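**Q** If you want the building blocks of each chain, they are given just below.
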Amino acid sequence: MKTFGGKVLFLDRADINTDEIIPAKYLTEITKEAMKPHLLEDLKLEGFDRRRDIAGKRVVVTRENFGCGSSREHAPWAFEVNDITAVIAPSFARIFRQNMYNCGMLALELPAATIEHLFKAYAGKETTMSIDVTGGAIRVETAGVSETIQFSLQGFDAALVQAGGWLEYADSNY
Amino acid sequence: MGKTIAEKIFDSHQVDAPYPGTTVLRLDAVFCHEITTPTAITDLMARGKDRVFDPAKVKAVIDHVSPAKDSKTAEQGKVLRDWAHRHDIKDFFDIGRNGVCHAIFPEQGFVRPGYTIIMGDSHTCTHGAFGAFAAGVGTTDLEVGILKGVCAFKPPKTMKFELVGKLPEGVYAKDIILFLIGKIGVNGATNMIMEFTGPVIDAMGMDSRMTVCNMAIEAGATCGICNPDATTVDYLWPFIKMDFASKKDALAAYAAIASDSDAQYEKVCKFDLSSLEPMATFDYRPDNVKPVRELAGATVDQVYIGSCTNGRIEDLRIAAAVLKGAKIHARVRGILSPATPQIYRQALDEGLIAIFMDAGFCVTNPTCGACLGMSNGVLAPKEVCASTTNRNFYGRMGKGGMVHLMSPATAAATALAGCITNSVLYKGGK
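These protein sequence lines map, in sequence, to chains S and E.
Quick note, the first sequence lines up with residues 1 to 174 if you use our numbering.
Quick note, the second sequence lines up with residues 1 to 430 if you use our numbering.
Keep in mind the hints are simulated off the structure, nothing from the lab.
All values derive from a computational prediction rather than experimental measurement.
All C-beta atoms, glycine included, are put in the ideal place defined by N, C-alpha and C.
Mixed in with the good hints, there may be bad ones.
Now the stretches of chain S that chain E is said to cover, found in silico as 3 or more residues with beta-carbon under 8 Å [as the list claims (entries may be wrong)]:
(1) 53-63
(2) 67-73
(3) 83-95
(4) 123-136
(5) 148-159
With a cut-off of at most 25 Å between alpha-carbon atoms, the simulated PhoX-like pairs for lysine-lysine come out as follows [what the hints assert, rightly or not]:
(6) E:LYS290 x E:LYS382
(7) E:LYS382 x S:LYS25
(8) S:LYS44 x E:LYS290
(9) S:LYS2 x E:LYS270
(10) E:LYS324 x E:LYS3
(11) S:LYS32 x E:LYS148
(12) E:LYS157 x E:LYS270
(13) S:LYS32 x E:LYS49
(14) E:LYS399 x S:LYS32
(15) E:LYS148 x E:LYS57
(16) E:LYS241 x E:LYS270
(17) E:LYS69 x S:LYS25
(18) E:LYS49 x E:LYS3
(19) E:LYS166 x E:LYS267
(20) S:LYS25 x E:LYS327
(21) E:LYS183 x S:LYS25
(22) S:LYS36 x E:LYS69
(23) S:LYS44 x S:LYS2
(24) S:LYS44 x E:LYS382
(25) S:LYS44 x S:LYS32
(26) S:LYS120 x S:LYS7
(27) S:LYS44 x E:LYS90
(28) S:LYS36 x E:LYS399
(29) E:LYS248 x S:LYS32
(30) S:LYS32 x S:LYS7
(31) S:LYS7 x S:LYS25
(32) E:LYS72 x S:LYS32
(33) E:LYS154 x S:LYS32
(34) E:LYS382 x E:LYS399
(35) E:LYS90 x S:LYS36
(36) E:LYS290 x E:LYS248
(37) E:LYS90 x E:LYS78
(38) E:LYS399 x S:LYS25
(39) E:LYS267 x E:LYS3
(40) S:LYS120 x S:LYS32
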């Protein structure tokens, strides 16, 4: 199982698509590592500077329908090689979400109101999250403030995270 | 209680239901191209699992960057080519025989009503036009599909789109799907199947149905789907005539998998399209859609006709009818990419290629190329392209470029005028 949690990157826009996460021209790369400098290269978002904001982050908190567009698993890989293994949003595009769990990573859905609260209380501040997958708890912390948010990871998603991904799961089951 | 076509396909293909809300399906076909498959192949090799569940059910094509544009894309092609030969994959389409995946695989008869299909490409939803469940997946799903012939999905929920009325002149399948995406939004059908029905769909040929289903993913849908009918049987007849005594028998067999009249839907939307106008996108989201009338006059640098959305023979005929005898605007670069060699050949035979060339279009070999900013027509920063493709994301056709999505008719008229234009103005050529 992968490890989850650490510093948080807030991306305050709905419908961030796969071309913004990793442009198509990098799909000719054969290694995942080659994606590393290009994560979120085409994301135009006020206040976001990828050269400054990505390094050291482990978790992304964002808005609805994250990862819409292409089927490219290069999008989760681009996060993975930057050590970001968890994305938290009110909802995800189907293929992106499945790709995350297929890689043994987390695409966690939290209620829109909870996400709104996280943006209001923590965006723009240095924030860390400790994610306990089996206990279903996220410990959120910033200077002088902390709280715990519950979530539920069940069924197939939990099995894939435990197995380390869909290939590992399928190989032992089918 | 009746069932939808998607529910029937799931019922007949389920091999496991390991958890509530998860269905593992047996796959009838796994389609592969050279962008997303090589990483699956190299990973399988590294794991000591370089196997294929059934070489007859795996189809492969080099289409995204063809001919290879540099060493990296040459390497991707080589990995796929060597793998196809190593595993005796007979249906492998290399340069000279290759075309855009979602055009060439249906053309070869690989898509049948009731099939389950995956591919590492989001526009795999195109194949639902034949009454198949076809879904785009990532590389890991593709890898498991290649190795085991299975894929996991949520149980199918379906939105039904009942399309009635008679399309006005100059309005085509592309205008319909742009209109629908504009109505429901890029997140409007996430985790759902869009089932397209009604007299407008009934009257469409398979090329138009593929155009409609192709862009279901732009509304977030898992698959677009049309119920198989006599049009489907006619298209497939050369490939299925050994399986059925007559077209009537084929139709009866396919009717059994079509949605029941009392099937349950998540949502039913009915639209009368009798007054629909030609539509186009603006800005950088496929749901930013306006009538062409409201965008008329916006200048473009390039016009691109092609892709898995609109690079088929019907599309070329429609565009050529607008272009016939006319010249494209001096400031505009026109690029036509017929989606398969067969379409290219047919367009030559029908004199369509001559019309495009006389108008001033560059005609390229079949490839995905420019649609995703890979090759054969990449935009410069701040350039604008009128395109018959499917995605207008920022940077999609080249860093800093902008794309207006539209029908082949509107694209052809736009090429002539040098700015976004309704094709009806060019009725019968000039």
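**Q** None of the hints should be skipped; say for each whether it holds.
**A** We went through each hint and held it up to the structure:
1. With 0 residues carrying a beta carbon less than 8 Å from a beta carbon of chain E, the segment 53-63 of chain S misses the three-residue requirement, and the given coverage is violated.
2. Counting residues of the segment 67-73 of chain S whose beta carbon lies closer than 8 Å to any beta carbon of chain E gives 6, which meets the minimum of three for the stated coverage.
3. For the segment 83-95 of chain S, the proposed coverage by chain E is satisfied: 4 residues have a C-beta within less than 8 Å of a C-beta in that chain, meeting the threshold of three.
4. Only residues whose C-beta sits within less than 8 Å of a C-beta in chain E count toward coverage, and the segment 123-136 of chain S has 0 of them, not enough to reach three; the restraint is violated.
5. With 4 residues bearing a CB less than 8 Å from a CB of chain E, the segment 148-159 of chain S meets the requirement of three and the coverage assertion stands.
6. Pair hint E:LYS290 plus E:LYS382 holds up; C-alpha atoms about 21 Å apart against a cutoff of 25 Å.
7. Between E:LYS382 and S:LYS25 the alpha-carbon distance is near 18 Å, which keeps this suggested pair within the 25 Å criterion.
8. For the given pair, S:LYS44 sits about 23 Å from E:LYS290 by alpha-carbon distance, which is consistent with the 25 Å threshold.
9. A C-alpha spacing of about 46 Å is found between S:LYS2 and E:LYS270, which places the hinted pair above 25 Å, so the restraint is violated.
10. Between E:LYS324 and E:LYS3 the alpha-carbon distance is near 47 Å, which puts this suggested pair outside the 25 Å criterion.
11. A hinted pair counts as satisfied when its Cα atoms are at most 25 Å apart, and S:LYS32 with E:LYS148 qualifies at roughly 24 Å.
12. This hinted pair checks out: E:LYS157 and E:LYS270 have alpha carbons roughly 18 Å apart, not beyond 25 Å.
13. Pair hint S:LYS32 plus E:LYS49 holds up; C-alpha atoms about 20 Å apart against a cutoff of 25 Å.
14. For the given pair, E:LYS399 sits about 21 Å from S:LYS32 by alpha-carbon distance, which is consistent with the 25 Å threshold.
15. At most 25 Å may separate the alpha-carbon atoms for a hinted pair to count; E:LYS148 and E:LYS57 meet this at roughly 12 Å.
16. The suggested pairing of E:LYS241 with E:LYS270 is violated, with an alpha-carbon distance near 36 Å, which exceeds 25 Å.
17. Proximity of E:LYS69 to S:LYS25 is assessed by CA-CA distance (about 12 Å); at most 25 Å being required, the pair is judged to hold.
18. Simply put, E:LYS49 and E:LYS3 have alpha-carbon atoms about 38 Å apart, too far for the 25 Å limit, and the pair is violated.
19. Taking the CA atoms of E:LYS166 and E:LYS267, the gap is near 23 Å; set against the 25 Å cutoff, the hint holds.
20. The straight-line distance between the Cα atoms of S:LYS25 and E:LYS327 is roughly 33 Å, outside the 25 Å bound, and the hint therefore fails.
21. Between E:LYS183 and S:LYS25 the CA atoms are separated by roughly 31 Å; this puts the pair beyond 25 Å, and the hint is violated.
22. Between S:LYS36 and E:LYS69, the direct Cα distance comes to roughly 23 Å. Compliance with the 25 Å bound is thereby established for this hinted pair.
23. Using a Cα cut-off of 25 Å, the hinted pair S:LYS44 and S:LYS2 is violated, with the two alpha carbons roughly 30 Å apart.
24. A hinted pair counts as satisfied when its Cα atoms are at most 25 Å apart, and S:LYS44 with E:LYS382 qualifies at roughly 15 Å.
25. Taking the CA atoms of S:LYS44 and S:LYS32, the gap is about 23 Å. The hint holds against a cut of 25 Å.
26. Taken as a hint, the S:LYS120 and S:LYS7 pair is honoured in the structure, with Cα atoms around 17 Å apart against an allowance of 25 Å.
27. Among the hinted pairs, S:LYS44 with E:LYS90 is inconsistent with the structure: their alpha-carbon atoms are about 44 Å apart, more than 25 Å.
28. In summary, the hint linking S:LYS36 to E:LYS399 is supported, as the alpha carbons are separated by about 18 Å, within the 25 Å threshold.
29. With a C-alpha separation of about 51 Å, the suggested pairing of E:LYS248 with S:LYS32 is violated against the 25 Å cut-off.
30. Taking the CA atoms of S:LYS32 and S:LYS7, the gap is about 22 Å. The hint holds against a cut of 25 Å.
31. A C-alpha spacing of about 29 Å is found between S:LYS7 and S:LYS25, which places the hinted pair above 25 Å, so the restraint is violated.
32. With a C-alpha separation of about 14 Å, the suggested pair E:LYS72 and S:LYS32 falls inside the 25 Å cut-off, and the hint holds.
33. This hinted pair does not check out: E:LYS154 and S:LYS32 have alpha carbons roughly 28 Å apart, beyond 25 Å.
34. With a CA separation close to 9 Å, the supplied pair E:LYS382 and E:LYS399 stays within the 25 Å bound.
35. Of the pairs offered as hints, the one joining E:LYS90 and S:LYS36 is violated, with about 37 Å between alpha carbons and a cut-off of 25 Å exceeded.
36. This hinted pair does not check out: E:LYS290 and E:LYS248 have alpha carbons roughly 42 Å apart, beyond 25 Å.
37. Proximity of E:LYS90 to E:LYS78 is assessed by CA-CA distance (about 16 Å); at most 25 Å being required, the pair is judged to hold.
38. For the given pair, E:LYS399 sits about 9 Å from S:LYS25 by alpha-carbon distance, which is consistent with the 25 Å threshold.
39. Among the hinted pairs, E:LYS267 with E:LYS3 is consistent with the structure: their alpha-carbon atoms are about 14 Å apart, no more than 25 Å.
40. Distance check on the hinted pair: S:LYS120 and S:LYS32 sit about 34 Å apart at the alpha-carbon level, beyond 25 Å; violated.
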